[in-house]
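Asker: In order, the protein sequences belong to chains A and B.
Read in order, the letters of the first sequence correspond to residues 35 to 416 in the working numbering.
Read in order, the letters of the second sequence correspond to residues 40 to 109 in the working numbering.
Careful, some of the hints might be misleading.
Heads up, simulated DSSO-like pairs for lysine-lysine below, C-alpha to C-alpha not over 27 Å straight-line [to be verified]:
(1) B:Lys-98 with A:Lys-339
(2) A:Lys-214 with B:Lys-98
(3) A:Lys-156 with B:Lys-68
(4) A:Lys-339 with B:Lys-56
(5) A:Lys-157 with A:Lys-258
(6) A:Lys-378 with A:Lys-389
(7) B:Lys-100 with A:Lys-214
(8) B:Lys-100 with A:Lys-339
(9) A:Lys-239 with A:Lys-157
(10) A:Lys-389 with A:Lys-405
(11) B:Lys-98 with A:Lys-216
(12) A:Lys-216 with A:Lys-239
(13) B:Lys-100 with A:Lys-216
(14) A:Lys-181 with A:Lys-157
Honestly, the hints are just simulated from the structure, not real lab data.
Here the structure is a predicted model, which is why all the values come from computation and not from measurement.
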Amino acid sequence: MVPRPHGGRLVNRVLEGRRRELFLSEAKELPRLEVNIERAIDAEDLAKGVFSPLDGFMGREDYLSVLEEMRLQNGLPWTIPIILDAGRDELTGVREGDDILLSYGGIPIAVLTVEEIYSWDKKLHAQRVFKTTDPNHPGVEATYARKELLVGGRIELINPPPNPLERYTLWPIETRVLFKEKGWRSIVAFQTRNVPHMGHEYVQKAALTFADGILIHPLSGWKKRGDYRDEVIIAAYEALARHYYPEGVIVLSVLRMNMNYAGPREAIHHAIVRKNFGATHFIVGRDHAGVGDYYGPYEAWEIFKEFPDLGITPLFVREAYYCKKCGGMVNEKICPHSGEHRVKISGTRIREMLKRGELPPPHMMRPEVSKVILEFDNPFVE
Amino acid sequence: MAGNKVAVEISKELYEKAAKFIEENGGFKDVAELVEFLLQEAIASEDEGVELSPEDEEKVKERLRSLGYI
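Build out the structure end to end from the sequences listed, making use of the hints.
Answerer: So this is what it looks like as C-alpha cells:
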C-alpha cells in the first residue's frame, strides 16, 4: 500500500488561477530577495510536497531540533535542515510577519511570509550535519559560502525555477497517482546520481523481485565536478530499461533536489523524501550519499536503527561484484568464493575508461549503456 | 474517552514488550503513540493525507499520459 506522506499530509503550496494572478500583481510591491538556483529548487520542493510536512523554510526551533535531535520539534524524523540564508543588507526593513518575494534570475519564484529571522553558527551546522568542519567537504564548503542570517517562513510558489529536465520530472502527487493507476502496492525507490553499471542493475533487480515496481530516481540539482551530467544519467537508464527490463516495472523520473553529501543523515532524508513520493521501500547502498572518506561504509545503514518511526522500509543491499566462478553478479552473502574469483565493479574505474573513450567490459557495464554515454561530447559536470 | 481519543485494550505482556521496544529504539514517546503509528501504517487508505479533487486527478493523469507514463 502506498504510504501516507511523512507527517500525514502532502503539502501543496502552489499558487494557481486567480490567486496566483493576485499574488503576482501584489508581488511587485514586495521586498525582493534574489536567491540562487539551489534555494529556488528548495522552494519548489517545499511547495510541491517533496519535503512534506514542511511547508516553508525552517524557523529556529525546528532548525535547532533537526541539528541536535534529527527530528522536527514535534518529534517527526527529519535530518537535513531546509533553510534559507540571506545577507543582513538584503533584509533591511524586513520584519517578522512581512511577505517577501523570492526571485531567481529576476523572475518571481515564491512569496515567503517571514516568521523569523535568526542567526546561525555555520561551524556547528557543519559539525552536526556533515560530522566534519573540513572545508574540503563539498557540503561544508557550500555551508561556509552561505550568508549570515536565516529566514524562516511558509512559502507559496508563483513560478517554478527553470528545469531543463521538466519532461522527466514527476512530483509526489504525480507518482502517487501513477502508482495507484498501475495498481502497485509495494514500490522500491532507488536513489542515484550515477549511470547504471552491473552492480546497480543487480541491486535493483534483487529488490524488484519482491516488489511490484521500482522508482529509479536520479537526483538532479547541484552536483560536484566530475559527477555525470543529468541528461547522461537519464539516457543511460533509458538504454538499460529498453534492453534489460520488462515493460511496466520501472518508473524512471528525475528528482529535482539538492545533494548535500551528508552521508548517514542524508540517507534518512532521501528515504523520507521517497516516502512522500509514495515508495514503500528504499534501497540504501554502501556509503550512501557519502563523499571521500568522511563516513564509514555502513554508517548510512546504522543510522536507520534510530528511526523506527520512519514509515518507509530501508533495504540494505550489499555491494555486488562479478564472480568468475559463479558466472554472474553476486554479493558476499550469496557467494562462497574467495577474492581471487571476484571482480569489483568500480564506478571510478568505469569513469576513467569512459573518460578515455573506452567501452568498459560487459561484466561491468552493459554495452548498450556504455555506447549511449560515449555518444555525449562530455558526460561529466565541469 | 478524552477529547478525540478512545481507549483500546491490549494484553499486559504486549504492552510491556512495546514499552521495552520504545526504551531500546526511541522514536515514540509512549506505547499509545507506537500503537497509533502501527495502525496508521497498516490500515491507512491510499489517498489519506493527499487532497486531490477528481478534476485535479484527471489533470495529473493527463500529464502522465502525455509523458508516456500511463
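Asker: State for each hint whether it applies.
Answerer: To see whether the hints hold, each was checked on the structure:
1. In summary, the hint linking Lys-98 of chain B to Lys-339 of chain A is not supported, as the alpha carbons are separated by about 40 Å, beyond the 27 Å threshold.
2. Of the pairs offered as hints, the one joining Lys-214 of chain A and Lys-98 of chain B holds, with about 15 Å between alpha carbons and a cut-off of 27 Å not exceeded.
3. At roughly 31 Å between alpha-carbon atoms, Lys-156 of chain A and Lys-68 of chain B are farther apart than 27 Å, so this suggested pair is violated.
4. This hinted pair checks out: Lys-339 of chain A and Lys-56 of chain B have alpha carbons roughly 18 Å apart, not beyond 27 Å.
5. This hinted pair checks out: Lys-157 of chain A and Lys-258 of chain A have alpha carbons roughly 21 Å apart, not beyond 27 Å.
6. Pair hint Lys-378 of chain A plus Lys-389 of chain A holds up; C-alpha atoms about 19 Å apart against a cutoff of 27 Å.
7. Between Lys-100 of chain B and Lys-214 of chain A the CA atoms are separated by roughly 11 Å; this keeps the pair inside 27 Å, and the hint holds.
8. A threshold of 27 Å between alpha carbons decides the hint, and for Lys-100 of chain B with Lys-339 of chain A the separation of about 37 Å lies outside it, so the pair is violated.
9. The suggested pairing of Lys-239 of chain A with Lys-157 of chain A is violated, with an alpha-carbon distance near 41 Å, which exceeds 27 Å.
10. Restraint check: the Cα-Cα separation between Lys-389 of chain A and Lys-405 of chain A comes to about 13 Å, which is no more than 27 Å; the hinted pair holds.
11. Restraint check: the Cα-Cα separation between Lys-98 of chain B and Lys-216 of chain A comes to about 17 Å, which is no more than 27 Å; the hinted pair holds.
12. For the proposed pair Lys-216 of chain A and Lys-239 of chain A, the alpha carbon gap of about 19 Å is at most 27 Å, so the pair holds.
13. Using a Cα cut-off of 27 Å, the hinted pair Lys-100 of chain B and Lys-216 of chain A holds, with the two alpha carbons roughly 12 Å apart.
14. Annotation: proposed proximity of Lys-181 of chain A to Lys-157 of chain A holds, straight-line Cα distance about 13 Å (limit 27 Å).
Of the numbered hints given earlier, the model fails hints 1, 3, 8, 9; all others are met.
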